Amino acid sequence: GESVGLHLPTLSVQEGDNSIINCAYSNSASDYFIWYKQESGKGPQFIIDIRSNMDKRQGQRVTVLLNKTVKHLSLQIAATQPGDSAVYFCAENIGGSQGNLIFGKGTKLSVKP
Amino acid sequence: NAGVTQTPKFQVLKTGQSMTLQCAQDMNHEYMSWYRQDPGMGLRLIHYSVGAGITDQGEVPNGYNVSRSTTEDFPLRLLSAAPSQTSVYFCASKPRRGPYEQYFGPGTRLTVT
Numbered sequence: 001g002e003s004v005g006l007h008l009p010t011l012s013v014q015e016g017d018n019s020i021i022n023c024a025y026s027n028s029a030s031d032y033f034i035w036y037k038q039e040s041g042k043g044p045q046f047i048i049d050i051r052s053n054m055d056k057r058q059g060q061r062v063t064v065l066l067n068k069t070v071k072h073l074s075l076q077i078a079a080t081q082p083g084d085s086a087v088y089f090c091a092e093n094i095g096g097s098q099g100n101l102i103f104g105k106g107t108k109l110s111v112k113p
Numbered sequence: 114n115a116g117v118t119q120t121p122k123f124q125v126l127k128t129g130q131s132m133t134l135q136c137a138q139d140m141n142h143e144y145m146s147w148y149r150q151d152p153g154m155g156l157r158l159i160h161y162s163v164g165a166g167i168t169d170q171g172e173v174p175n176g177y178n179v180s181r182s183t184t185e186d187f188p189l190r191l192l193s194a195a196p197s198q199t200s201v202y203f204c205a206s207k208p209r210r211g212p213y214e215q216y217f218g219p220g221t222r223l224t225v226t
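In order, the protein sequence lines correspond to chains X and P.
With this note's numbering applied, the first sequence covers 1 to 113.
With this note's numbering applied, the second sequence covers 114 to 226.
Only chain X is shown next, with the shape it has when bound in the complex:
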């Protein structure tokens, strides 16, 4: 079946290092991808999105890369800070006109001071 998954369930990095969180998707019809950050006890918070006609998109300290050939999505966080500690979810829109999202299971990022 169609699914969105993550290669690593947990990731521990040193403060100041760069973080890379990966996501695999299986639906070639997906036309929109989004990364959310969820801190403990809170709702998901938008980080960055990318449409399928793009390979890369940059925000403030974050970059999303999309490789449609291998159906892979990654989130890069530059100069990781303790405040970046959270669970990160990728989600995809599988092409439906409503724009419903399918979420992956999440990666927990821990930043060591």
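Be a bit skeptical, because a hint or two may be false.
Claimed, not checked - Calculated lysine-lysine pairs in the DSS-like style (CA-CA distance at most 27 Å, straight line):
| # | chain 1 | residue 1 | chain 2 | residue 2 |
| --- | --- | --- | --- | --- |
| 1 | X | K71 | X | K105 |
| 2 | X | K105 | P | K122 |
| 3 | X | K108 | X | K56 |
| 4 | X | K68 | X | K108 |
| 5 | X | K71 | X | K56 |
| 6 | X | K68 | X | K112 |
| 7 | X | K68 | X | K56 |
| 8 | X | K42 | X | K108 |
| 9 | X | K71 | X | K112 |
| 10 | P | K127 | X | K108 |
| 11 | X | K42 | P | K127 |
| 12 | X | K108 | P | K122 |
Treat the hints as calculated values from the structure; they're not laboratory data.
Bear in mind the structure is a predicted one, so any value in this text is a computation, not a measurement.
Following the hints, complete the assembly by docking chain P onto the known chain X.
Below, chain P without anything else, positioned relative to chain X:
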């Protein structure tokens, strides 16, 4: 703007009881949705609405009812609570149909004993 608000924040029910989880948004968004999040898992879509008077089922609709009488409100009803419905529930909204960022509420943590 308050964004997406949810009440209550916490709720404990006994098996068989009914209750309504409230969700409201003040951004004049046409699209609203309900997700549940279980430990170690991503968010799964329960029901969604693309406008007042229009609702549809998501991935896991069984045991839940919704209605959308106004643009602002999208309540989720549990008619006869079961322990399997113990979860954290998130409401979200976005401007319209199609692939766009969804804005999430803070969540309701529900325990069914």
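The hints, checked one at a time:
no. : hint            : verdict
1   : X:K71 / X:K105  : holds, 17 Å
2   : X:K105 / P:K122 : holds, 23 Å
3   : X:K108 / X:K56  : holds, 23 Å
4   : X:K68 / X:K108  : holds, 24 Å
5   : X:K71 / X:K56   : holds, 14 Å
6   : X:K68 / X:K112  : violated, 33 Å
7   : X:K68 / X:K56   : holds, 11 Å
8   : X:K42 / X:K108  : holds, 14 Å
9   : X:K71 / X:K112  : violated, 31 Å
10  : P:K127 / X:K108 : violated, 32 Å
11  : X:K42 / P:K127  : holds, 25 Å
12  : X:K108 / P:K122 : holds, 23 Å
In summary, the structure is inconsistent with hints 6, 9, 10 from the numbered list given earlier, while agreeing with the others.
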